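Asks: Line by line, the protein sequences give chains A and B.
Quick note: the first sequence, position 167, residue 170 per this note's numbering, numbers continuous.
Quick note: the second sequence, position 407, residue 804 per this note's numbering, numbers continuous.
Any given hint might turn out to be false.
Sample of chain A residues with no beta-carbon within 12 Å of chain B, all distances over it, derived [stated by the list, open to error]: (1) L198; (2) V256; (3) D288; (4) V296.
Ranges of calculated distance between the beta carbons of each label pair, as one might list FRET restraints [claimed, not checked]: (5) B:I499 x A:K278: 15 to 23 Å; (6) B:A446 x A:S307: 32 to 40 Å; (7) B:E550 x A:A74: 30 to 38 Å; (8) B:I499 x A:P85: 33 to 41 Å; (9) B:R774 x A:A74: 33 to 41 Å; (10) B:D777 x A:N146: 33 to 41 Å.
I should point out that these hints are in silico values taken from the structure, not numbers from a laboratory.
Just so it is clear, the structure is predicted and the values come from calculations on it, not from any experiment.
Every residue gets a Cβ at the ideal spot worked out from N, C-alpha and C, and that includes glycine.
So you can see what is in the structure, the chains are spelled out below.
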Amino acid sequence: MEPWMRTLVLFLAVAVSGPGAYVAQATDTSGRFDRYGQCAGDRNGDGQVTVDELVAGVNNILEGCGHVPVAIRFAGRVGQEPFQCGTTYSGVGRNGGEFVPSDFRFYVSNVRLLTSDDREVAVLLDQDGVWQLEDVALLDFENKTSPCVNGTVQTNETVRGRVAPGAYNGIRFVLGVPFRRNHGDASVAPPPLSLTSMFWSWQAGYKFLRVDTALDAYHIHLGSTGCYFAQPGVVGGCARPNRAEVILRPFSVEDDVIVADLAALLADSDLNENKEGTPPGCMSDPGDDDCNVLLRNLGVDFASGQPVAGLQKFFRVEPHH
Amino acid sequence: MLGRIRGSAIYIAALSLLHCLAWAAEDLQAQRSYAVELPVGFPKPRIPADNPLSIEKIALGRFLFYDVRLSGNLSQSCASCHQQARAFTDGRPRAVGSTGEIHPRSAMSLTNVAYATALGWANPLLDSLERQALVPMFNERPVELGLSGKEEELVDRLRADLRYQRMFAEAFRGQSDPFTLGNIVKAIASFERTLISGNSAYDRYVQGLDDNALSEEAFFGGRLFFSERLECFHCHGGFNFTASVTHEGNPFDETSFQNNGLYNIDGRGAYPPDNTGLFEITRIPSDMGRFKAPTLRNLSYTAPYMHDGSIATLEEVIDHYAAGGRRIHSGPYAGDGSKNPYKSNFIRGFVITEEEKQQVLAFLQSLDDPEFVTNPRLSDPFQLWGCVSDCNYDFVVTVDELVRAVNIALGESSLAVCLSADPSGDGDPTIEEILQGIHALLAGC
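Isolated chain B (complex conformation) (with noise of 0.2 Å):
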């Protein structure tokens, strides 16, 4: 690495000068030490243990994460589905997989998912983000990245990247071969687990920061939202308004997957083929139509909503509730939804007036955290964020930034302190791109 770093006399002087700095404001035992910065009342994610979190695993994931390479046909990654800006989920009522093939289901939203309990909208089976993520990856029903068979092709593409090369070897070290499916999956993982929102009105709300967070409407809205009239709390509770949830220190894992009354074909409780919900992996019969109950954090930005998108807006999710269940009154999914007999008890219809429906969409909308889907932490990191050196991406560049992006260059701390260092994306802060932060630093970003 040092090989590139050779200029004139004054550039050696320079560098000098900063890795004595480096010296001075590093503690490369504090950098390798990581925990997620969690909003208050949060508890601790549970980490597995052959997984611990790492600044250079969730960097490598990140980037994984927003790599096209990791599709058979390079033509999507994990973010074309989940998109920073929709909360990670992508839009549309069911997703789209990269040959086109479309999913039954609606792509989930990562908001917090590093606490779920069960990926997925109904598999119970799918317990871990390490185990998940092969389920996109490699499945053939339907088609997602369509990876399958072509594991070794993913790897070679991945080991042929300078920057990749760099960071597989920081992210597991001591590993002679990095490049396994295994360190990929851990990577992204790591990478999801830091996809934590928390920040919303709410939040500031009940954490005693800001009274004034909630509006009037927002705070009556919630009243009705905890009350036993919508029931809305009892499969949306906590602090992540799911109940699937568990953490550090929960000895429980609590999975809750309810059937909410979106269909009944046969007057027997049927779901469409394809959707069928938890039936589809147990085959018990009071199963079918259960999915799980999802996080109501950042719904503004998660429309359309339901498993299959098949309602557009809050407002039609809150008359769903109000009528105890879909009615469909012709085609091939006709039926009477408030009649499936395998329907939640707690959806038994309410009368509400356009007032309190109001209060309510204020109270759902205050869960809206709009730095979680800006945060530059969770963005596409191929794309340069502020200026060369800018790692923490406040739009000033500091000297001890600078001292990072040298400390990167001398091979002194990992790629993962400043991914700005090395915005051409060879795994090395070049002379140039050292330059480019030093004018940053002088001239502002």
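Just chain A, same shape as in the assembly (with noise of 0.2 Å):
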């Protein structure tokens, strides 16, 4: 292709597009079950072939798929100190009480990166086959050794992808599994949605955060509620999606981290007092008001199960050494 092909397409793109089209998020009312990639040129998966995607599509062809591999750090960490299966840390929650995590694992979706003018450059992850699928990753700090006995042998604390070269300094991602892919089979889904710890069959759909305590049972099952059949067995959609959107800024993929902190998350909750008649700690039920400020410190509203910007304390930033 010529480069004035080039120049025609995008400002055929623009013309069409118009500012502000880089954003292409399923939406949880949106109710598509599409494959990835069944769609030529639909690179999110959305079912739509968006005028973004093809300016993509068409800068692959131009540069040679320039992307370039990235490497996205997280770490479990319970205030300063990192995660580990057993460990009993004290001084967390509202009034100080004992910790000993028994299970910490959470996906993410949707990432982005971001650059100076705002843009959003969407991370293509690879299809590694294990903890990567589609735009959906599995981060998981246990390894399975007591009293995590749910967990998996295995652990994952990166993030892998190609993203178009490019300045950036932000990083924004969802906490959850998006809802394309949060209500389809779960006996035959591949993995990481094939893990059945992670299972919410109850609510049709996945636990998208899963904290376990070993002392008191404490429980942090985040995932959507409310959801309902727009038509026999389809879920058209959930009262309470439940899915943080986390905007980290600035980030550095070389040189930082992305740290989640337990102890952040539980800042505001205490370990020993759980609201009567509801399961110890927050399984996300609207009637338990010991989700209130865990969701909160997810940047969630629990009233309506939307996000809120700016409210999460649960990730930040770090340098890695």
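With the hints as a guide, bring both chains together as one complex.
Replies: In structure tokens, the structure reads:
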């Protein structure tokens, strides 16, 4: 393709799409179950080929898929200390209780790097057949050592993919499984959606975040609630999606690590208190007031299940050593 | 498989003869296409397109249903809470899981579950038996079978079993590794779709098979049941005595959840916090206390009653509806359920004489199907029923049945055509087992 052709395509693209068309994100009411890549040019798997996706495709023709590998580091922590199954952490929660974790896993999706002019550039995840599927990745900090008995020996602290070269100074991702993948047939889902400990079959979805404790059995199971069928067998939406939108800036892929801090998540909770008649901790039940402060620290308004910008305290950026 | 059948020349000659007979007697194609035998007047259950029924899947699912290896600590199977003799319930007010955790609700009867539009007491999201099976297997609140995080262990356990090696391969032909979670739930669901009950006294009467099947008392009880005075049939109507049914050819999935006035804790309709019914899923206030009206078939075997087993006898159930709800005088759940604002319009209370009550009871008992709770085809396949090679469990071994056993041994037929041919459970009728079958043929079962 000649350079003038590229100019023409880009011109057409901008003319058709206009500004602000860079976020091509499946919403919670889209009800789509299209398979990733079923449609040629559908890079984000939302069942539509947008002009952005076409432009990206044209860029790939011209630049020979000029995406560069990118590895986004995560770290599981409890305060300043590294997360470890069975370690007794003290001073956790509003009243400074003891905390002995027995699970710590979460899904992230729709990972984007941010340019200084607020453009979001999608990270195309490596389809590794284990931790990453389409635009979903599982971060897993537990290693099945006691008391993390429900877990897996394998751990994963990195999201790997490719991204167009550029100057990035921030990152944005969703904490959770995208709607399009959340309500399919779990019994035949490929990894990392095949882990039964992350199934949430009762709510026809997955646990987005799973934290358990050995002491007092305090659980945090985050997931969509109030889901309903639009037609037989097809979930049309969920009253409370409970997906957090995380924006971290400044963030450097090369130099930084994204810290997921359970002490920060639990900072406003009392590990020894539980609303009567509800499971200990928070299993996203809208009647469970224990969820209020937890979801706030994840950046989600508990009443609506919608993300709220600037609320979250669970994730922070630290320099990587 | 042939390796084991090497024996003396006599055996080989005998087997060869039987083998010839086998080719004459068996139509392999006919074995593979299977339709559920349905009572007269029953529509065909809707079968998912991606899980057609086969005798191989049904047989495999039957083993899995009764196999304690399907619990994390090897203590329970599906059948622990769904016992055939109790019409696939457990006789408890509330079910107890493999780790001893008490479930908020009662184990539901699996009678005619193939027709259910929503599984469980009040979850519209559990719309298929395949999807539902994942809940008892992997749920953690409460723990039921306790398999969460143990999917590899589960598959390894099953893979190590010789009989399962054969049965998975035969149920899921052409798959390089049929030991998958998807196949496990497909097989269990297939077996559950054969839990068809339609041979009650009531059925024989309405099918015209036996005009005297219903006692006079039950007949008049039926009139009361279908009357506008008692209103029972609004929620418990149709061939399955529940409003939540669908079937092949029916484009609609009707699901009915009703509040029947069991509780009213705060005077504003509240149910106990761990049993709020449909509200738990939808969070819509008017869904408080709405549960599925279950089938009324086989009630004599399924006591105690209601979603939480809180009514012990059918007499008390009738009293409950006659009173238009339940008043609890003291304790944490005290309140007048009859004044629950979300109560079904059909539960208004009624006056009923003692004689009429006995008539309604007799009618309800006429829906019992003793054959269903004793049918050997639905029983624990790990226990040998009758004798070796008695494929159809009629306590007679025929030449045809022996031919089947030999065909299984030769690999010409799947094990599903005669589970009794392999009582040792190694997936292969051995020469000893064939001989036992021959003995039963000659000497009687």
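Asks: If you test the structure against every hint from before, which numbers come out violated?
Replies: Going through the list in order, the structure violates hints 1, 3, 9 and respects the others.
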